[in-house]
Amino acid sequence: MNFEFDDDQRMLRDQARRFLLDKCPADVVRQTLEGEQPFDQDLWRQFAEMGWLGAAIPEEYGGSGMGHLELCVLAEELGRSLAPTPFASSIYLGSEALMVAGTEEQKQSYLPDIATGEAIWCLALSEGARPATATNTTATVSDGKLNGEKVPVADGDIAHKAIVIAKDGSGTGLFIVDLTGTGVERSAVETLDPTRSQAKLSFTNAPAERLGGDGWPLLEDIQDRAAVLLAFEQVGGAQACLEMAKDYAMGRYAFGRPIAGYQAIKHRLADMYVQIELARSNAYFGAWALSTDAAELPVAAATARISAVEAFNYASKENIQVHGGMGFTWEFNCHLYYRRARQTALVLGSLRRWKDRLINALSQRNAA
Amino acid sequence: MNFEFDDDQRMLRDQARRFLLDKCPADVVRQTLEGEQPFDQDLWRQFAEMGWLGAAIPEEYGGSGMGHLELCVLAEELGRSLAPTPFASSIYLGSEALMVAGTEEQKQSYLPDIATGEAIWCLALSEGARPATATNTTATVSDGKLNGEKVPVADGDIAHKAIVIAKDGSGTGLFIVDLTGTGVERSAVETLDPTRSQAKLSFTNAPAERLGGDGWPLLEDIQDRAAVLLAFEQVGGAQACLEMAKDYAMGRYAFGRPIAGYQAIKHRLADMYVQIELARSNAYFGAWALSTDAAELPVAAATARISAVEAFNYASKENIQVHGGMGFTWEFNCHLYYRRARQTALVLGSLRRWKDRLINALSQRNAA
Amino acid sequence: MDFTDTPEEAAFRVKARSFLAENAQPKAGGDRNLATGADKSGMLAASRPWQAKKAAAGFAGITMAKEYGGQGLSPIMEVIYRQEEAEFIAPRGVYEIGLGMCIPTMLAYATEEQKQRYAGPALRGEEIWCQLFSEPAGGSDLAGLRTRADRDGDGDDADWIINGQKIWTSGAQFSDYGILVTRSDFDAPKHKGLTFFFLSMKSPGIEVRPIRQASGPANFNEVYFTDVRIPDSQRLGAIGEGWKVSLTTLMNERFAVGVAPPPDFEEVFDLARETELEDGPALDNAMVRDRLADWYVRKQGLKNSHFRTMTAMSRGETPGPESSINKLVSATKYQEVSFFGMELQEMLGIVTDPDTVALDGLFQSGALSSPGYRIAGGTDEILRNIIAERVLGLPQDVRLDKVGSFRDLPTGDK
Amino acid sequence: MDFTDTPEEAAFRVKARSFLAENAQPKAGGDRNLATGADKSGMLAASRPWQAKKAAAGFAGITMAKEYGGQGLSPIMEVIYRQEEAEFIAPRGVYEIGLGMCIPTMLAYATEEQKQRYAGPALRGEEIWCQLFSEPAGGSDLAGLRTRADRDGDGDDADWIINGQKIWTSGAQFSDYGILVTRSDFDAPKHKGLTFFFLSMKSPGIEVRPIRQASGPANFNEVYFTDVRIPDSQRLGAIGEGWKVSLTTLMNERFAVGVAPPPDFEEVFDLARETELEDGPALDNAMVRDRLADWYVRKQGLKNSHFRTMTAMSRGETPGPESSINKLVSATKYQEVSFFGMELQEMLGIVTDPDTVALDGLFQSGALSSPGYRIAGGTDEILRNIIAERVLGLPQDVRLDKVGSFRDLPTGDK
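Protein chains in written order, with this note's numbering: chain D, 1 to 368; chain S, 1 to 368; chain W, 1 to 414; chain G, 1 to 414.
Take these hints with a grain of salt, some might be off.
Listed next, with one range per pair, are the computed distances between beta-carbon atoms [claimed, not checked]:
1. 13(G) <-> 360(D): 30 to 36 Å
2. 36(S) <-> 317(G): 54 to 60 Å
3. 284(W) <-> 213(D): 33 to 39 Å
4. 295(S) <-> 360(D): 40 to 46 Å
5. 103(D) <-> 317(G): 44 to 50 Å
6. 10(D) <-> 270(G): 38 to 44 Å
7. 185(S) <-> 13(G): 54 to 60 Å
8. 247(D) <-> 27(S): 52 to 58 Å
9. 26(W) <-> 213(S): 40 to 46 Å
10. 41(D) <-> 10(G): 48 to 54 Å
Because the hints were derived from the structure by calculation, they are not lab data.
What you are looking at is a predicted structure, and each value in this text was computed from that prediction instead of being measured.
For every residue, glycine included, the Cβ atom is placed at its ideal position computed from N, Cα and C.
Work the whole structure out from these sequences, hints included.
Next up, the structure:
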């Protein structure tokens, strides 16, 4: 039984945590929040230099070949620090998609630039408020040209390449589109979490290159992988909220004693802890499934995601509550986590749909 | 604005409370709990004498003609005292059904015996675990003879007459059946709340007399009326739980002070109070709709029921929790309320189905 | 049981309705930005003339004594007027605190001359008041305040010099006067060393800075006091009795604590009706219906409870701390509904652009604003304490801060 | 990350599995009433021979020191054995408390002679032990106990005379020995006046009465002491140091606190699969799916957390109070799942007759039993306190009972 990160992985975590404490404190996050930049290019460059962007990309494709467990370790720290970068889009979705569905040539051609950070990738799925399904997809590709509109696309405004879900003659497919090329218009959209940019993409006869075979099952596999990685970000964010709330409650006195001594606060922090521990354990199982390409991945990923979304939602909203009025000021950092919790809760689709996927996967497993 | 019971109604409440405190303390309830009797005949006789059974039955049909608001007042006190009688079956369902759907002749013929308590009525709808719907109903009437099986039927073992939901040539209908007559077999079934008896009824060519027209809308109207009345019982039960929990918490010391002073307990009691107040207010609105035959009855009844089921569930389970280990002994009365909460939550169908009814009714109202 | 007014109430309602119909624009069909409160500066500009009109017509200070310009009517009349006013674009926000809390405190503690001087202009909207109570280190523990009041000299009528900081002061930036509670004795026990004043907000040494909220806008202020001078004649209540005066003010606050804004059941019901899920309308989805039913039941519970409160008021009773239920339940519901509305819009739910998302982004702005509603005017925790202690009569939390000198009480670093 | 045993663990697992396969009946296919624990007297009768077999084969006292008949292995081996044993009908319930709590306390505090005398028979199942701690007025406040121990005379080795009442004592009716904590000094502060003993449950003056639970059965007892005599040689720890000894026992309890029984996710998933709602299978209903997903996620969270705990144990670490999570989460889930299972059966849900309702009435019996699980072995509130204080390091509740004489502490009427 070895259901923990090993010593090397823990060392990586410590390094990453120290680095981010130093280079990505709240005032760095706030530069992006306040709209001074769409993301933090300095951080991005340094992530590349440390081999983080290519952590799960094999060395033969220009990655650092550490592995998915290491990527999970990094994701937790990125979530904890709220790093304002397109890590999730480019790595959890872009790089994973290429590794799952790319031809040898596509991997050779695209992965190295992801690892160096020169190319930022994103995934363009949503076409508005309707649930993203194969049936609802209206973007089409014919004769290698893409037409359609995608909104919102996380990091669509800053990415160089997009993987676009669209229909062609043979059904639903994944298509690689150069966002800096012809036939692409894009505009940023305002969201509740300005530290993570989102855009509307419009395609008019944009050249599109097919990635992999049957698009929908591939998409779901990619989403499962991203869900596990994002769950670590969410656990990291939730843990940061718990620590902030605890620290504040210990130092804040009311009626002559620390508010941390009142059961209303104590028990709320205990509940946060419980939710985070369950989410963390579920994320670990997801990491195991992801790193071993286990058949359990669909169930493990949905479980990790549901658990992490709920833990981060709870921790980020109750963190504000524990802080009281001060926690609701722009100046305190509580709202940064609250915003990110909402962003991560929606970026891969709603809790409702993931619960649906979980029950579907469990039904199939039990039926098998 | 006069959204309160009036002075006469409050006086009736005080009288009823005093009477039940005196005649229906826990040891009387426990006689039925322990199986010494299926219900309390002494209480039943006295209810009849005080005019409670006929509270909402007009004087011309042998009732005391007080009205539905008065019946609501009584229901709250019956719920508070856990009176082990077939009041809900015979009055909220039986008598209401006759008043809603009965011909003049049927009212003349049946209502007086309900008011005197000589006849106990019940409603036989459920045919097992499947949701009771028109489609699911398999009991049939042809040539005035009923065949089929109904389980569970609240008070089916002690009632003299049943209103049975069954199909005949013209659709679903309500049928009056003499349970002491031919073609009827009945057996008590064990339930989680032995203070309220339930039975399985089997009909083989039992003579059946039609009541009213189109059965399903009539049934829903009857259920709406019963839901409001039962909501008052539930609010009364929940209020009793809150008072027990408060009383215990004030007198029980841990770590040198009353447990009522710990926020974990204080805030739980506050939450109980909040739920009960909302449920009470919703029950009042239901009472208004019931007593004025308002078009709002379907919405008001579902709202009152959902609110009251949840308040009683919460109060009865957290009452045990506040009592700690002692609350989970047979000797303490907490479990009597916990059992009754479960019984009242199911006897008119699940919360799920009432929520469904509520949203249907609201959709229709908004569409209109 | 019925929902009809008494004859007296009905007459008053007719009078109010006709005043409103003649003098105000109905919300339905009126300027949308004004109606929803989105146009804040427009609201502010419209406030003074509207308040003056109300005062002239006898709808300002409905419950205030006649000798100070009020109508001397019972609280139910105030409720009736507000019910009617709610249908119209009637900007009254800037006067709520002054008329609801400051002037009642003045009427209880000021001299006759002062009452005559200040009540009328406040009623007619000529002077705006604010309330200077909360402090950064205070929070729910209001009496833990540290803004100091020192006497300038030894005379019985020596002026007071104020130094310190208040926070969460609504309307400080446009107020003419304020009521202020300070600590005049740091050696007395916590609740014994406070002294209460009113003062001009134009006094030298007052600096008002807006506080930006987590949701973006700045609805509150910090107010800094540097050697602000207040004549002793503007003291309300005895020296060291400021806590008692504050309680008078707060009694009035509890009644004013409102219900959370939309989105509520109606809005999420509409959204569900308009949203297509992968297998049909959201309104047909059993999970969605389950949630909708819960919110409807809670919303109706509050509404029907309000009918009960009104009935009590109509009978001349004073509504008790039960009204804490209203904010406790509605603030939580506000946050839940907002989150759920975002979820129903799937990935698009994160977008705040009003032209892109449903109901002009109401669910998104609700998600951002709702944490504040669970805190302002009494946190969830304080409200539960109030219900537990004042309604149910349970014991107070153990208090270690009621004896000994305030100076010696432990404080944290936050 | 992997789920494989170390070589040493794997070898032990193989040994355990082959012992079990040769000596016990697998649950799958075995006597159903024994397998589910429904046949309580059958279980009891089977306990002694089974414990003897385990001891002979080296699977009793796995973590106990070898000199007292144990195996001297690490806790992870105990977990591995239990994992394997869980697949078989292996009645060990009556020995859990003795081997898990009483004997470890004896080994920490008894004389060498006593350890040699009592450890072996307990391991071999020849003697059963119980724990006499809780009292009616005590509850979560264990140290508030009032059972008195008075010396019979002045000698240093004078006997002790015990009077009072214990409650919630599992197995008292068939136990041979018990460990007992008493108050020997009512004038000392609460935690200073306690003294700890072990005693024969056959001692004159002991009366055991079963307590009927709200759910029907009597799994616990009250134990009354009337002038029960205990020789001073059976005192464990110093006079007045009984609280310290109790904490040793309780350290062991926390590890033993279990998870709630079925119904859990699997059972309600099966029910949903088999239940036809008005518009199709319950498993297709979005509200049902929503609830099922929540329970699955919580159940897996506990299971995966257990993997982490096992990993820590496998590395030689001692599991901390984090395990409080397990009972807190699973007891609540137990109640929720039970209620929901009843609801899914509509009106029939109230029926308890196993031949009439789904899964032999498991949801109904769960609804009845679950309130007890939220209380026994630490209430929800105590568990949250433990997590808050011992895991997160938050301050203790304000304690007014730690100083002054126990005699003077306020007590209630309950």
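Status of each hint after checking the structure:
no.	hint	result
1	13(G) <-> 360(D): 30 to 36 Å	holds (35 Å)
2	36(S) <-> 317(G): 54 to 60 Å	holds (57 Å)
3	284(W) <-> 213(D): 33 to 39 Å	holds (34 Å)
4	295(S) <-> 360(D): 40 to 46 Å	holds (42 Å)
5	103(D) <-> 317(G): 44 to 50 Å	holds (47 Å)
6	10(D) <-> 270(G): 38 to 44 Å	holds (40 Å)
7	185(S) <-> 13(G): 54 to 60 Å	holds (57 Å)
8	247(D) <-> 27(S): 52 to 58 Å	holds (55 Å)
9	26(W) <-> 213(S): 40 to 46 Å	holds (45 Å)
10	41(D) <-> 10(G): 48 to 54 Å	holds (51 Å)
In this structure, every one of the numbered hints holds.
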